[in-house]
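My request is simple: use the sequences and hints to build the entire structure.
Single-letter residue listing:
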Amino acid sequence: MKQDSKRDLFPGALELMVLHTLVLEPLHGYALATRIRQRSQNLLQVEEEGSLYPALQRLLKAGFVQARWEMSATNRRVRTYSLTRKGSRHLAKETARLDSMMLGIQLVLSPLPGRQS
Amino acid sequence: MSWLPGIFSRKRLHSELQEEIESHISQRAALLVSQGVQPEEAQYQARRAFGNAALARERSVEIWQFHWLESLWADLRFALHQLRKFPGYTLTAVLTLAIGIGANAAIFTVIDDAMLRSLPIQKPAELVSLGYRSPKIPDFIAQQSWPVMTELKGQLHGVTDLAGWSGSMLTVPDEQNTLRSIGGNMVTGNALTMLGIRPYLGRLLTPSDDVRGGPEGGWPVVLDYGFWLSNFHGDPDVIGKHLRIAGQPAVIVGVLPRNFHGLFVGEPQKLFLPLHFHSALAATPEQDPFLHPENFTVLVIARLAPGTTLASLNAQLKAMSPAMRTFLPPRWRNIPAFRDAYLSAESASRGFSEIAEEYSKPLLLIQGIVLAVLLLCCVNLAGLQTARLQAREHEFAVRSALGAGRWRILQQCLVESLMLALLGSIFAAGLAWSSVRTISSFFTPAGSGEPTQIQPDAHILLFTAALALLTTLLFGLVPAWLAGRVPPNTVLKNKGTNARRDLLRRRLFIPAQFSLALALVFTAGLFTHTLVRLRSNHAGFNPAHVMEVTAQFQALKKSPAEIMELYRSMTDSLRASPGVQSAAYTWVTPLTGFAPKVNAHSVAHPQIHSIAFNDVSDGYFATIGTRVLFGREFTQQDRDRSTCIVNQAAAQLLFPGGQPLDNSLIADNSGVNGMSKFTADCRVVGMVENARYSSLRDPAPPTVYFPASQSTVATGGYQNNLVFFIRSRNAGDAISAYRGALARFVPSTGYMVFLPLSDQVDQSLGSERLIAQLSSAFAGIALLLSGVGLFGVLALRVQERRSEIGVRLAIGASRAHILGLVLRDALSMAAIGSAAGILLIAITTTFTRRFLYDTSPIQMSVAVGALLTLLSVALLASLLPAFRAAWLNPIQVLREE
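First to last, the protein sequences are chains A and B.
Note that the first sequence covers residues 1 to 117 in this note's numbering.
Note that the second sequence covers residues 118 to 1014 in this note's numbering.
Bear in mind the hints are in silico, worked out from the structure with no lab data behind them.
Keep in mind that a hint or two might mislead.
Chain A is nowhere near these chain B residues, computed Cβ spacing over 10 Å in every case [what the hints assert, rightly or not]:
{"id": "1", "residue": "141"}
{"id": "2", "residue": "174"}
{"id": "3", "residue": "880"}
{"id": "4", "residue": "970"}
List time: in silico DSSO-like cross-link candidates among lysine-lysine, alpha-carbon distance up to 30 Å [said to hold, decoys possible]:
{"id": "5", "chain 1": "B", "residue 1": "478", "chain 2": "B", "residue 2": "794"}
{"id": "6", "chain 1": "B", "residue 1": "675", "chain 2": "B", "residue 2": "794"}
{"id": "7", "chain 1": "B", "residue 1": "240", "chain 2": "B", "residue 2": "435"}
{"id": "8", "chain 1": "B", "residue 1": "128", "chain 2": "A", "residue 2": "86"}
{"id": "9", "chain 1": "A", "residue 1": "61", "chain 2": "A", "residue 2": "86"}
{"id": "10", "chain 1": "B", "residue 1": "128", "chain 2": "A", "residue 2": "61"}
Virtual Cβ for every residue (Gly too), placed ideally from N, Cα, C.
Shown next as C-alpha cells:
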C-alpha cells in the first residue's frame, strides 16, 4: 500500500510521464526508466523501476502505445514502445486537464492574504 | 477485443515480460559495471532498483486477465481435486443427483415427446388439420369426408397444400413368410412431400403414384425406418424390391428419415402407400371408397400459406360450413350432436398423440412426484454439503483471514456443487435415455400388440443441464452461504462452535426429507391401493389362460355370410385342437374403453334405457369365464338378433321385479356407435353375471348380448374382423391352434398379434399401473435417501459427542440410556418431519383425488402404513449410530481427550 502511494503522485501520473517521454522517440523499458529519471532531474524517479511494466501493459491494453521487439544498439533483443495516434490524443487531453488542475491546486494552496505570520 | 489474446497466450505474455525485465536489469547492471561496480554488486543493485520483479510481472499479466474467469478456472481445478480426494462423498452426491435428475429427465422426455415436441418436419408450425367442431362435442374431430376435402381443395384460400391421410391394417409376409398384419398409412400423393422431409433412401410418394389401379410396376410403398431395419436388416439395396402387401404387388420406392414415423406420435406406421390403394383392398365395388366416396373419411392435413393465421383460416372455414353440409356423409348428417357442427382447423404441428390425450394428467402427476424426489435429493445433498463444508471450516477461515472475500468463498463452494451437479446430470441423461423405453411400455394401448415408442432427443440433454443448474442453487446455496459467514477468528482460535449448522440439519434438512418422503410414500400407497382395488375387482370374467387374437379378414373378397361361415368353421377347428378348452369370437373386446349402447325396453315396461351391447358367438361366456345364471348360452343355431342374453344389471333394469327369461326385449340402435342402425325384437334366452365392459374402473353396465351374425360382420365397422378368444392350458397351444386354423381355412390372411387377455387387462390399467409403479419406485428412493441422510447426521453427531457420551458412561449412565439418547434424537427428527409431511399430504390430496379408485384421499390404512414404514426406516437408520454410541469405551474416549 505504501509503495503505491509513493509510486504514483496521483493515479495515472506514471502513465502520463511514459506517454510524454515517448513523444520524441520509441524507447524500450530500461531506456524509459532512465529517461524519466533524467528529465525530472532525479527529483521524480520511478520509485521502483518494476512498476513501469504494469503501467506499460495498461497503456498497451488501452491502445495508447504499441510494442515491437527489436535489436538494440547494444545488440540486445528489446521490446520497444512507441506512441500511437490515440496515445498522443490522450496525452494532449490529459496534459490540458492536468494543467488546469495544477493551476487550481496552486490557487488554493497560494498564501492567504492577511494571514502571514 | 485486445484483451482476448491475453487470455489465450498467458504463457507467452509471461515469458515476454520475463525477458523484458531481465533485459532491463542486466542493462542497468551493465551500466553500473561500466561505472566500476563489481559485477555481483551491480547485479544486486540493479535488482534492488527494480524492486519485486515477480510482482511487477504478476501485475502486468493481471492487466490482461479476465479476472473472474481466471478465478473460476482455479476454482474448477480445486473443485475437481476436492472431489477426487473424497470419492465416497462424490459418489454419493453424484448418484443421488443422477437419480433425482434422471427421473425428471425421463418423465420430461415422455411429456416432451407426447405433448410438447413438434414433428421433425419443415416448418411444423404451419401444419394444420382440417376437421369439425361441434358445440355438443368437446373434442375436435380430425376427420373429413372425401367429398368435403375435394371441395375444400378447390375453394380454400390461405393454404399451400392439402393432403388426405388414412390408415388400415395391411398384411405383409414376416421373416418366416407368415403373413402378419401391420399398421399402414394410405395417403394422397402430396402428403409426404408437403412435409418437407428428405427420404433416408430412395424417394417419397408423388402425386403420380396416387392413381387408380396404381402406377405401372406395382403399388409404390415407402417404409418406416424402423420397419426397414427390422424387416430388411437395413439393406441399402432395398429400393426396387417387390413385396406383396394385402395380396397386392408392391414395390419399395423409399425409406423415411430416421426420426419421422408419420403423424401419429408414439405409434409408428410401418408402410406408406398411395390413397388409391384403398380400391385395391375393397372386396366389392360397394366397398371401394373412390366409387362410393360418401362415407369415406380421411384425416385432412394442410399447410398454412405464409401470412395466413389459424384464426383467419378458421373464420373462412366457418363461413364455408353451411355450403359443405350437403357433402357430409349421410351417417354423419343424422347424428344429433353433429347438427351444429362447423368446419374448423387445428394446429397439427405436434402430430397426433394418443399419449397426450390419455395420459397428460397422469404424466403431469408423475412429473410432480419426481420433482418432489428431486427436491428431496437436494435437501439431502444440502445436509451432506453442510457437513462437509463444516469439516472444511478451518480452510475457509484461513482463506478468509488471508483476505478472500465472502463472495469468493461462495463462488468456490458453488463451483464445487456445480461440478457435482454436472457429473450427476451426465449419469442422469444416460439413466433417462435408457429408462424411457421401460416407461413407454406403460402407454401401449389396450389390445394393441405394438409397444408405444418414445424417442428421446437432444432436449433431454438441455433439460438435464437446466436441472443441474437449478439443483446446484437448491442444494449448494445455503451451505455455501454459511461457509462464507464463518468469522475467521472464532475458528482459528479454537475449534469454534457449529451449533447453528447442526441445528439447521436437525431441525430443517432431515425433517424436510422425512416430510417429503412421508408424502411420497403415502401417495404411492394410495395409488397402489387403487391398483390393487382395480385388479381385485371381480371383472365378471376370468382373463387367465385366455388368448386373444384379432382376425385379419379385411382383404378377403367374400360375402358376409361366407365370412360368418368361416368364423364358425375356424372356431370348430380351434375347439378340436389339442390343449384348447374352448374358443369363441366377439365383436367388441372388453376393457378397450369402448362399450356401444342401444336404447332398450321390455314389452312389459316401456321405459327406455340406454344399455351396453355386444355381439358374441356361441360358447363366448364359457370361454371368457362369465357364469350363466339362468337359461343358456347362445348356440350355433342362434344366427340373428331374435334371441339375446342379458346380464343381471340389465335384467333388473328392464324387467324390474320380473323374470327376464323368455320375455321379449326391444333394442334400438341409432347407428352412432360403429354398428349400423338396427332394431331388434328378441327373446331373452339367458341371464349372465355382470361383467365389466369398457374398463375396470367403470362398474359393469347393464348389457345385452346378441348372437354374432352376418350383420355383425357386414355392419360392425371392423372390415370383417372379429376377435377370437381361445382358452387353453398354455399360450403355445392357443397360438399353434390358431396358426393351424389359419393355414387350413384362410392361408391368404395373417395374424396381427397374440395377446393374453390378462395382458389386455394390464394394458387397460396403463395409467394406474404407471402411476402406482412409478410412484412406488420413487417413494422407495425417497425412503432410502432420507434413511441414509439421517444415518449420516446421527453418525456425525455421535462422533462429535464422543467425549460427552464417554463422560456420561464414566459417571454411570447405562448403555440403555445412551441408546435411548440417540434414538430419541432420531425419532424427534422423524416426528417433526412426519408432522410436516401430514401437512404436505393435506395439500396434495386435491391433486391426487382424481386418480384414485375406491380409495379415500386420506385412506387411514395407507396413512398408518406410510407412517410405520417411515418410522421403521428412521429406526433402522439410527440403530448403528446408537449402538456405536452406547458401546463406546469410556476409558478410551477419555484418554483421547
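These are the hints, each one checked on the structure:
1. 141: violated (4 Å)
2. 174: Violated, because the least Cβ-Cβ distance between residue 174/B and chain A comes to about 7 Å, which does not exceed 10 Å.
3. 880: Fine: 69 Å to the nearest Cβ keeps residue 880/B off the interface.
4. 970: holds (72 Å)
5. 478/B - 794/B: violated (36 Å)
6. 675/B - 794/B: holds (22 Å)
7. 240/B - 435/B: holds (25 Å)
8. 128/B - 86/A: OK: residue 128/B and residue 86/A at ~28 Å, within 30 Å.
9. 61/A - 86/A: Holds - the C-alpha atoms of residue 86/A and residue 61/A are around 12 Å apart, at most 30 Å.
10. 128/B - 61/A: Holds, at roughly 17 Å.
Checked against the numbered hints above, the structure breaks hints 1, 2, 5 and satisfies the rest.
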